[in-house]
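Asks: Sequence:
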Amino acid sequence: MGKKGIVARSAGKKAAKHVSERAAKKVVAKGRPRDVVENDPKVEALVREIIARVADKWTMLVLEVLEEHGVVRFTRLGERVGGVSQKMLTKTVRQMERDGLVRRTVHPVIPPRVEYELTALGSSLSEAFCGVWVWAETHGEEIERARVAFERDAVKRRDSTEG
1 MGKKGIVARS AGKKAAKHVS ERAAKKVVAK GRPRDVVEND PKVEALVREI IARVADKWTM
61 LVLEVLEEHG VVRFTRLGER VGGVSQKMLT KTVRQMERDG LVRRTVHPVI PPRVEYELTA
121 LGSSLSEAFC GVWVWAETHG EEIERARVAF ERDAVKRRDS TEG
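Here the sequence shown stands for residues 1 to 163, where the numbers follow full-length UniProt numbering.
Please note that a few of the clues may not be correct.
[Claimed, not checked] Mimicking DSSO-like on lysine-lysine, the simulated pairs with C-alpha atoms at most 30 Å apart in a straight line are:
| # | residue 1 | residue 2 |
| --- | --- | --- |
| 1 | K57 | K91 |
| 2 | K87 | K57 |
| 3 | K42 | K57 |
| 4 | K156 | K87 |
[Unchecked claim] DEER-style ranges, computed between Cβ atoms:
| # | residue 1 | residue 2 | range |
| --- | --- | --- | --- |
| 5 | A120 | K42 | 20 to 26 Å |
| 6 | G83 | W135 | 19 to 25 Å |
| 7 | R145 | S124 | 31 to 37 Å |
| 8 | V155 | K87 | 36 to 42 Å |
| 9 | T119 | K87 | 22 to 28 Å |
| 10 | V155 | R94 | 24 to 30 Å |
| 11 | L121 | K57 | 27 to 33 Å |
| 12 | K156 | G82 | 21 to 27 Å |
| 13 | V132 | R94 | 19 to 25 Å |
| 14 | A146 | A52 | 21 to 27 Å |
| 15 | S160 | V132 | 36 to 42 Å |
| 16 | A52 | S124 | 16 to 22 Å |
| 17 | E144 | V71 | 16 to 22 Å |
Calculated from the structure, these hints are not laboratory results. Ideal placement from N, C-alpha and C gives every residue a C-beta, glycine not left out.
Could you build the full structure based on these sequences and the hints that come with them?
Replies: Below, the structure written as structure tokens:
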């Protein structure tokens, strides 16, 4: 592929579309502009995994709570996340720990005290997805209007095909 452009994947299909250098936007990675985004299957797989993980509602909420409150005990984490079962919270923080996003500290006391905190990696992921939160907050009303219009039009379409 080289410097001829970037490769853009379309909805998971293997077909690639070449984009000219003029049309390619510069990507900033670690402060260094790059003209080309290489098509690395390992990176693509990792991106899909991370998006799937963060798309899980509990992971995003745990990230938010830990970013806001720092070191948090397991029970308090569940309370602050709200609505999550102990089993689901355990599964979520284990997966996040496996991925290096959180650090779990077990204190050798009775009763056991377990605390969680974001690692630098987890904090950087939280910062990266901050833009998604801001975007959703900024465009929430617009999205709601679009949904209402879609439902209204769907009713009209259904009524016109039935009558």
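Asks: Give a verdict on every hint.
Replies: To see whether the hints hold, each was checked on the structure:
1. K57 / K91: The hint holds at about 13 Å.
2. K87 / K57: This hinted pair holds, its Cα atoms lying about 15 Å apart.
3. K42 / K57: The given pair, whose Cα atoms are some 25 Å apart, holds under the 30 Å limit.
4. K156 / K87: Distance of about 44 Å is beyond 30 Å: violated.
5. A120 / K42: 20 to 26 Å: holds, 22 Å
6. G83 / W135: 19 to 25 Å: Hint holds: Cβ distance 24 Å, inside 19 to 25 Å.
7. R145 / S124: 31 to 37 Å: Given range 31 to 37 Å: holds, Cβ gap about 34 Å.
8. V155 / K87: 36 to 42 Å: holds, 40 Å
9. T119 / K87: 22 to 28 Å: holds, 24 Å
10. V155 / R94: 24 to 30 Å: violated, 44 Å
11. L121 / K57: 27 to 33 Å: Check failed, 21 Å falls outside 27 to 33 Å.
12. K156 / G82: 21 to 27 Å: violated, 38 Å
13. V132 / R94: 19 to 25 Å: holds, 24 Å
14. A146 / A52: 21 to 27 Å: holds, 25 Å
15. S160 / V132: 36 to 42 Å: holds, 37 Å
16. A52 / S124: 16 to 22 Å: Roughly 18 Å apart at Cβ, these two residues keep to the hinted range, so it holds.
17. E144 / V71: 16 to 22 Å: violated, 36 Å
Hints 4, 10, 11, 12 and 17 from the list above are not met by this structure, while the remaining hints are.
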